[in-house]
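Peer 1: Residue-level listing of the chains:
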Amino acid sequence: MAHNQAPISPSEAQINRDLLGPLFKTGPRYYVMLAVLVAVTGMVFVAWFFQLAYGIGMAGKNRPSFWGLYITTFVFWIGISHAGTLISAILRVVQAEWRRPITRCAEAITTFALCTGSLFPIVHLGRAWLFYWMVPYPNSRYLWPNFQSPLMWDFIAINTYLTGSVTYLYLPMIPDMAVARDKAIGWRKKMYRILALGWRGTEREWLRLEKAISIMALIIIPVAVSVHTIVSWDFAMTLMPMWRSTIFGPYFVVGAIFSGIAALLIAMVLIRKYFKLENYLQPVHFDNLAKMLFAMSLLWFYFTFTEYLVTWYGNEAPEMPVFWSKISGRFAPLFWLMVVCNFIIPFPILAIKKLRRIPTIFFASCCILVGMWLERFLIIVPTLTHPFLPYNYGTYWPSLTEASIAAGTLGLFVLLYFLFAKFSPMISIWEYQEGLQVASKHAGELPDPTFVGQTVPGDVHPGH
Amino acid sequence: MTQNWCLVKFSQPAEARMAIRRLLQAGIQPDAMEVMTSQPIHGEPFIPDMKPTKLRTWALGGAAVGLVGGFSLATLTALNYPLVKGGMPVVAPWTVGLITYETTMLGAVLATLVGMLVELRLPNFKNLPYDPSVVDGGVVLAVACPEGQRSSVEGAVGAAGATRVNWV
Chain P
1 MAHNQAPISP SEAQINRDLL GPLFKTGPRY YVMLAVLVAV TGMVFVAWFF QLAYGIGMAG
61 KNRPSFWGLY ITTFVFWIGI SHAGTLISAI LRVVQAEWRR PITRCAEAIT TFALCTGSLF
121 PIVHLGRAWL FYWMVPYPNS RYLWPNFQSP LMWDFIAINT YLTGSVTYLY LPMIPDMAVA
181 RDKAIGWRKK MYRILALGWR GTEREWLRLE KAISIMALII IPVAVSVHTI VSWDFAMTLM
241 PMWRSTIFGP YFVVGAIFSG IAALLIAMVL IRKYFKLENY LQPVHFDNLA KMLFAMSLLW
301 FYFTFTEYLV TWYGNEAPEM PVFWSKISGR FAPLFWLMVV CNFIIPFPIL AIKKLRRIPT
361 IFFASCCILV GMWLERFLII VPTLTHPFLP YNYGTYWPSL TEASIAAGTL GLFVLLYFLF
421 AKFSPMISIW EYQEGLQVAS KHAGELPDPT FVGQTVPGDV HPGH
Chain V
1001 MTQNWCLVKF SQPAEARMAI RRLLQAGIQP DAMEVMTSQP IHGEPFIPDM KPTKLRTWAL
1061 GGAAVGLVGG FSLATLTALN YPLVKGGMPV VAPWTVGLIT YETTMLGAVL ATLVGMLVEL
1121 RLPNFKNLPY DPSVVDGGVV LAVACPEGQR SSVEGAVGAA GATRVNWV
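Chains as they are written, first to last, in the numbering used here: chain P, 1 to 464; chain V, 1001 to 1168.
Think of the hints as simulated: they come from the structure by calculation, not from any bench. Please note: incorrect hints may appear among the correct ones.
[As the list claims (entries may be wrong)] Below, a list of computed lysine-lysine pairs in the BS3-like style, where the Cα atoms sit at most 27 angstroms apart:
| hint | chain 1 | residue 1 | chain 2 | residue 2 |
| --- | --- | --- | --- | --- |
| 1 | P | K25 | P | K276 |
| 2 | P | K190 | P | K291 |
| 3 | P | K183 | V | K1085 |
| 4 | P | K291 | P | K273 |
| 5 | P | K354 | P | K291 |
| 6 | P | K273 | P | K354 |
| 7 | P | K183 | P | K422 |
| 8 | P | K190 | V | K1126 |
| 9 | P | K189 | V | K1054 |
Let the hints inform the model, and build the full structure from the sequences given.
Peer 2: Shown next as structure tokens:
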């Protein structure tokens, strides 16, 4: 094919250069960060190896609390996974134009948080090699999984959500993989050629891709809601004090979206800084997400207040020891720290416009993640250490193995996200370009050929 | 008669639309043309009478398969080993409903993906007409053109404002 010199649209070429730049340029900082993350992740696998070699006793599990940090962190990560796909799908369905630079960051969080979270039930099994017993397949003993167990619902729901989220992440990536294919050289070109599947950007292809994405967005919203509801039913279906709650489903979903948005904001701040994407991830995107975070903070407080008020007013004998252990007992410092992190600190930062700046939003989001992890811990451990019969009361303290695995998964998640950011643009190129087209159409003008990222999709027509 | 592909680049979608109208008037069939862009262009379609997508049907079909599959899995496996658990019926409607719901959604997800790939015949690594410069903007029109119509095609696209014409 002969290639003549032809004028190209500087705006699109500029966007391609800016967003593909991090894929092709790797500095020493990247390798240092990679080494640190590999070391932290290694801690997970070393600790897990010891647990496999010496038995589940290494995790320090004992009566009455058999669920500790593993299940706390499992619920936490599944909650974080609601950042992406759900938020991205909602914003797509309502055609919020400002979503465009953030959807990829969000969808990637979902995928990797699910991968990280899914590790915990396997680790918690002890005999991890028997995990396949949960898979429904015909076997020689004619035994099938017990579909009446909420743990099986979890297994099916999380796998459905993971499949949906990976698909929902990959579909909008196909055109960007094609751009990377056309710009890359060497082994990267081969890799992107395979990932782009032969995409050419024909009218037929765009029509079907957009249709598929919109169908996926509609499917993934109820799936996401069902996943965290089912996770809450792991608890609510048991006869344990303060777990048998009819609002546990929505309470968990609200908490999941709350922590998910906080995680998304943290990721966006770091990506913006590290990949120098200040022109693309602009204050307006942080401001809009921060407003959503504020709404979720209020909702979280409302659900928490309702949950505790009803328990206190009911004054049931088995529930009150759990209640008072959180309010004024040995879990009280963690409980009040949770309230401070999830409500007291974020409330003014997110409510007052002057305080709603990127560094403060970042700080509030970090507090919320800490608070939400504590919330999961406080749902699980105080109940387990105060079961129905007082002679079964006990204490819980995490072992080093358990703490190493739980903490190390933060490294695993960041490592997966970090590696992903090196092979896929973290902002969807075509969606961003489409946003500029939509914005210029609304403004009744052609795209600015001198674009350097100053126009934000959604700015021109904020009503969208 | 040999057939070549003519790759024409336009800077604006309107020019490409005008070129397509001229080419249709010149006797080029709609299925002999393809328009490539770096992003979806909304509004009037470039090529008239494009086959509509059946992805919604794919999704519904997948959901139906998932529904039947999930329901069968949860009920037949329970009946296969009829053990009463927790005082529940062997086939408990609530739990069967949950499993069926999730597999229905899974079926819809997988069918949408498969449907899109089938309708687009992807992955496709054959050498199809393509101009990599399209990722940097503009609109590329690919026209399958018999040797004899070369000049009329060039005339039509030139009059519409083509910035570049390549024959491959």
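Peer 1: Against each hint, give a clear statement of whether it holds in the structure.
Peer 2: So, going through the hints one by one against the coordinates:
no., hint, verdict
1, K25(P) <-> K276(P), "holds, 12 angstroms"
2, K190(P) <-> K291(P), "violated, 42 angstroms"
3, K183(P) <-> K1085(V), "violated, 59 angstroms"
4, K291(P) <-> K273(P), "holds, 21 angstroms"
5, K354(P) <-> K291(P), "holds, 13 angstroms"
6, K273(P) <-> K354(P), "holds, 22 angstroms"
7, K183(P) <-> K422(P), "holds, 15 angstroms"
8, K190(P) <-> K1126(V), "holds, 14 angstroms"
9, K189(P) <-> K1054(V), "violated, 32 angstroms"
In terms of the numbered hints stated before, the structure departs from hints 2, 3, 9, listed from lowest to highest.
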